Amino acid sequence: MTTALEIVSPEKLLLSRPVDMVVIPAFEGEMGVLPGHAPMILLLRGGTIRLYENGQVTGEFFVGGGFAEVTPDRCTVLATEAIPLAEVSRGEGERRLAAAEQEWERVDKDDVTARDAVLARLQSAHAMIEVAGAA
Amino acid sequence: MPSLKALRTRINSVKSTQKITSAMKMVAASKLRRAQNQVESARPYAQRMARMLSELAANVAVTPSAPRLLVGTGRDQVHLVVPITADRGLAGAFNANVGRASRALIQRLEAEGKTVKLLPIGRKGRDYLRRDYGSRIVHEVSLAGRKRLEFADALPVAERIVGMLEAGEFDVCTLVYNRFISVISQQTTSQQIVPVPVAGAGEGAARAFYDAEPDEETVLASLLPQNLATQIFTALLESAAGEHGARMSAMDSATRNAGDMINRLSLNYNRTRQANITKELIEIISGAEAV
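Chains as they are written, first to last, in this note's numbering: chain E, 1 to 135; chain X, 1001 to 1291.
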């Protein structure tokens, strides 16, 4: 049994293929999705999506954040952006981190939505650097 | 009767116009192909986003604390109209259609006693509406000189609209744009984006129940602005594809018209030339006879 995985960015459908298991960076921690998973809608943070086939990792993508919809037979990832892990650049991550840190200085800390948005960008930039460093 | 020289100049000028219009047609055709691809590749995201949203919205009760983007402000007094046009003309009735549709919408709303605010995207729409409704324009966006539309172009517009909604500056937001149907046809559409019309809301009983992580409200709070940006992005792409389609057919008929005009002028030119020759011959012959 497999799960039909789809990774979609606003600009195009990046990947659509059946996998044995996929690990997605959910808001509250990494989560493995196997076929037959209970239906869920998740918020994603910046991190890595890993595809498993026959017990092997067969694909890794960095996502900057987004949403995922899980049903027993499919897993749809709506990513703000998704980059194959090998193409993630550390420089880009650092540039974003600097931009997000500047934003953090300016943001109104009492405005919860704005603060959370900047925090999410900071986290995403950190994740990008981490991923690039490991690659 | 115009002189031969004047006719020759005229023919040459129409010929160069024809060269320009046929070049513009080629350019529009190649841009159209790219824009069409973009529209098609952006579709999966929008579809899945809409599906996710309707599933999630079916699970969330309509309470006063529900997000404003979903349920609106509860009023229907101030309308924000967002006409999307091109930044350049020479595309037939493309821009004028959006302008006319917006104007009709504004007039209808104002006749009902509503307040209208405008946020035009694209220079042509702004110019069209500025004369009569200049005071209602609250902000304008221009995407002139973009080679390729990106999702990042739609984000600031969406943020602005969300900000205005949070500040209570409007109750209902409507997009007016040309939807791309085919190369020769664009359909002017107005589409309400705030509050979000959720497909199939209320028939939640038949649906699978979704768990949400971290929780429904948090997911919805980030899904809704993203959905708004997606809708705007889709409309921008549709409008861009429509623009190139409209320009292509406008330039095609302009090229054809120039061809007809050249034919007519050449005929006229040849007739005049022959008339001149005949006249000269008559003069010579009658001169010789007189001697």
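Just so you know, not all the hints are guaranteed correct.
[As the list claims (entries may be wrong)] Straight-line alpha carbon distances no greater than 25 angstroms define the calculated DSS-like cross-link-like pairs of lysine-lysine that follow:
id	chain 1	residue 1	chain 2	residue 2
1	X	K1025	X	K1015
2	E	K12	X	K1147
3	X	K1005	X	K1015
4	X	K1015	X	K1279
5	E	K12	X	K1031
6	X	K1019	X	K1147
[To be verified] Example chain X residues on the side facing chain E (calculated, C-beta under 10 angstroms, incomplete):
id	residue
7	P1044
8	Y1133
9	E1150
10	V1183
11	S1185
12	T1188
13	Y1210
14	E1213
15	P1214
[Stated by the list, open to error] Counterexamples of contact, computed for chain E against chain X with all Cβ distances above 12 angstroms:
id	residue
16	T2
17	P18
18	L34
19	T76
20	S89
21	R106
22	K109
23	A120
24	I129
25	E130
26	A132
27	G133
Rather than coming from a laboratory, the hints here were simulated on the basis of the structure.
Fair warning: this is a prediction, and the values are worked out from it, not measured in the lab.
Where is the CB? At the ideal position from N, CA and C, for every residue including glycine.
*Just pull the numbers of the violated hints for me, sorted ascending.*
Failing hints, ascending: 4, 8, 10, 11, 12, 19, 23.
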